[in-house]
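Asks: Here is how the chains run, residue by residue.
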Amino acid sequence: MTTQIPVEKRAARYAEWITPPGMQFASPEVEQAYKARVQMFLDAIDLKKPQRVPVVPFAGFYPFAYAGVTPREAMYDYAKLGYALKKYHTDFLPDALAGSPIYGPGKVFEILDYKLYRWPGHGVPETTPYQALEAEYMKADEYDALINDPSAYFMRGYLPRVFGALSNFPMIGPWTDILELPFTGGSIIPFGLPPVQEALKTLMKAGEAALEWIGAALAIDGEEMATLGIPGLMGGFTKAPFDTLGDTMRGTRAIMLDKFRQPNKILAAMEKIVPLAIDLGTRSATNGKNPVVFIPLHKGADGFMSNDDFKKFYWPTLKAVILGLIENGLVPYLFVEGGYNQRLDIIVDPDIPAGSTIWMFDQTDMKEVKKHLGGWACFGGNVPNSMLKAGKPAQIKDYVKRLIDDVAGDGGYMLATGAVLDDAEPENLHAMIDAGKEFGVYR
Amino acid sequence: MNALVEAITDMREEDAVRTANEMLDRGTSPIEVLESCREAMGIIGQRFEAGDCFVPELILAGEILRQISDVVKPNVTQASDVKKIGRVVIGTVQGDIHDIGKDIVTFMLDVNGFEVKDLGVDVPMAKFVEAVKDFKPQVVGLSGFLTLAYDPMKNTIKAMRDAGFTGKVMIGGGQIDEQIRQYAGADGYGKDAMAAVALAKGWIGA
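Chains as they are written, first to last, in my numbering: chain A, 184 to 626; chain B, 818 to 1023.
If you are wondering where the hints come from, they were derived from the structure by calculation, not from laboratory data.
Quick caveat, the model's predicted, so the values are computed rather than measured.
Fair warning: there could be bad hints in the mix.
With a cut-off of at most 16 Å between alpha-carbon atoms, the simulated EDC-like pairs for lysine to aspartate or glutamate come out as follows [claimed, not checked]: (1) 580/A to 617/A; (2) 263/A to 309/A; (3) 575/A to 995/B; (4) 944/B to 927/B; (5) 1018/B to 866/B; (6) 1008/B to 492/A.
Reference listing, derived: stretches of chain A covered by chain B, where coverage requires no fewer than 3 residues with Cβ under 8 Å from a Cβ of chain B [what the hints assert, rightly or not]: (7) 307-314; (8) 437-448; (9) 481-489; (10) 565-574.
Derived contacts from chain A toward chain B, CB cut-off under 8 Å, selection only [unchecked claim]: (11) 301; (12) 405; (13) 521; (14) 605; (15) 606.
Heads up, the beta-carbon is just placed ideally off N, CA and C, and yes, glycines get one too.
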């Protein structure tokens, strides 16, 4: 049965997005520009024709390359972070903000001895973005521990391997041990032990550094919204349960082997992860005062599994997360990395209501996307990063024009890069944005 | 198709390893066991090219082969001098630490008869230059997942050419296409591991 969009809940979230509480715009014109942009997003999501196609390149570390700031500086020097983002937004005037928090606080990661990633100047060159270091941070025989109590498993099993600073957290018992007086004293003992106290002190230090970072980041984003009228396109974040396991817990190789060796454990763990993923998406979007929940899709792409396995392992729990978010008045934004040419028939699921999701594609045939998703969901993406790096402005202008001619005519469409943009020629990105604004006007 | 080939191509891991052990116990020569593994991988490679099996199957097959060769190799008295059909140097370019795609390509080149020197990830240009001098490959494979791998690929190819390397260079990764092949000055690019095998075989005339 098709889930119903909760009209009032969603309208309240839309209202908060288009009229951000407490926001003081620099001028009525800027406020007007901000609202016009959000209205274009809302129209596209609602499968209407906006005033014009929203142009929303997905800026990764590109703003820093453009402004002559290294990725290292972006993660450590918040003045430079702000300088580069401001320059990028001012010069390119995209319709959506490249939010500053996604670049992360290098100092916090250093304090915590974060092992899951290498970041600029910390395992990869200062000129390179952060990259995940694949490993089995969750071991093959730990599914039952995860299924039994995800939070306890994260605190005592998984996170102590991810953060060196938390390596002694297994000494702490599960919080659910603490039930009644005669047995409560024992649960508190670990907090008196020097290794645990050391870990807690380190966490507090990391927390202070995180506060310093988020203060700077929110100021950067707030100023850009207030002075340039550029809204954020995303408010929250969550993940597909299969990717939660496959990306940063078991790792790509291990999750693929688990699919043969212990398929039922994967399925049971994902069931457990579904409500956590809905909760994460809902809380983060509520905090972000923006109904769009970003969900990057990784390990269900073409080639990564068969359609049968996609229907068994990837889609059911992702769909449950999508529906859970929709029921909370939110708009799931599926960022489809790689190709989904084999999956289009599956994702256009009759249980998902029309006008409730955004789908951004990379290497998927956009005419097929239009054929499948048109009239059902807002879609976009596909401008190749390779072209933005190695192509010529005229080529990009043609590509964008053709794309808009082919698939944008009925509305419900946003123009975006296929993948996260780290490297490009500025004239090429200008060509993409200008072409989108020129050819994307609906008459 | 013998029972071992069947077990491997059906992705029955335990059966495959047990069958290999039973064959050895019955006195089947280790070379013959490895031959069956190769036959199975040939079939899996064809299925992959046809879109009937996918990366997880390649990874599992690799895992099965590893377990079987752990058992077989000590039993091989002479070096199992299967003639290698060509030499390939492979690595992920500087600044990029992604290894999964590269590892699958390495494995598929290996089971298809190439001698592969894998330089690992985040490989500086100088290391590629040194490797083409020492190892004298006919083919070099450059891997990169990030769009920031484009320039390191281009620079690495130039450095190898400047050092006199005259063999072929192929590139691969999630954001690699014909535009980047031209930009980087590579001879070919591939979308997956079997494409890499086809390119390398085509170039050496195998």
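Asks: With reference to the structure, classify each hint as holding or not holding.
Replies: Now for the hints, and whether the structure bears them out:
For the suggested pair residue 580/A and residue 617/A, the alpha carbons sit about 8 Å apart, so the restraint of at most 16 Å is met. Between the alpha carbons of residue 263/A and residue 309/A the distance comes to roughly 14 Å, so the proposed pair stays at or under 16 Å and holds. This hinted pair checks out: residue 575/A and residue 995/B have alpha carbons roughly 14 Å apart, not beyond 16 Å. A C-alpha spacing of about 21 Å is found between residue 944/B and residue 927/B, which places the hinted pair above 16 Å, so the restraint is violated.
Simply put, residue 1018/B and residue 866/B have alpha-carbon atoms about 15 Å apart, close enough for the 16 Å limit, and the pair holds. For the hint linking residue 1008/B to residue 492/A, the alpha-carbon distance of about 21 Å lies beyond 16 Å, and the restraint is violated. Coverage of the stretch 307-314 of chain A by chain B holds. Counting CB-CB distances below 8 Å, 6 residues qualify, and the rule asks for three or more. Given a C-beta distance limit of less than 8 Å, the hint that chain B covers the stretch 437-448 of chain A holds, as 5 residues qualify and 3 suffice.
Under a criterion of three residues with beta carbons nearer than 8 Å to beta carbons of chain B, the stated coverage of the stretch 481-489 of chain A is upheld, 4 such residues being counted. Counting residues of the stretch 565-574 of chain A whose beta carbon lies closer than 8 Å to any beta carbon of chain B gives 7, which reaches the threshold of three, so the coverage claim holds. Proximity of residue 301/A to chain B holds as hinted, the smallest CB-CB distance being about 6 Å (cut-off 8 Å). Violation of the interface hint for residue 405/A is found here, the shortest Cβ-Cβ separation to chain B being roughly 29 Å, above the 8 Å cut-off.
A cut of 8 Å between beta carbons decides the hint on residue 521/A: the least distance to chain B is about 6 Å, and the hint holds. The restraint placing residue 605/A at the interface with chain B holds, with a minimum CB-CB distance near 5 Å, inside the 8 Å limit. At a threshold of 8 Å, the smallest CB-CB gap from residue 606/A to chain B is about 5 Å, leaving the interface hint in force.
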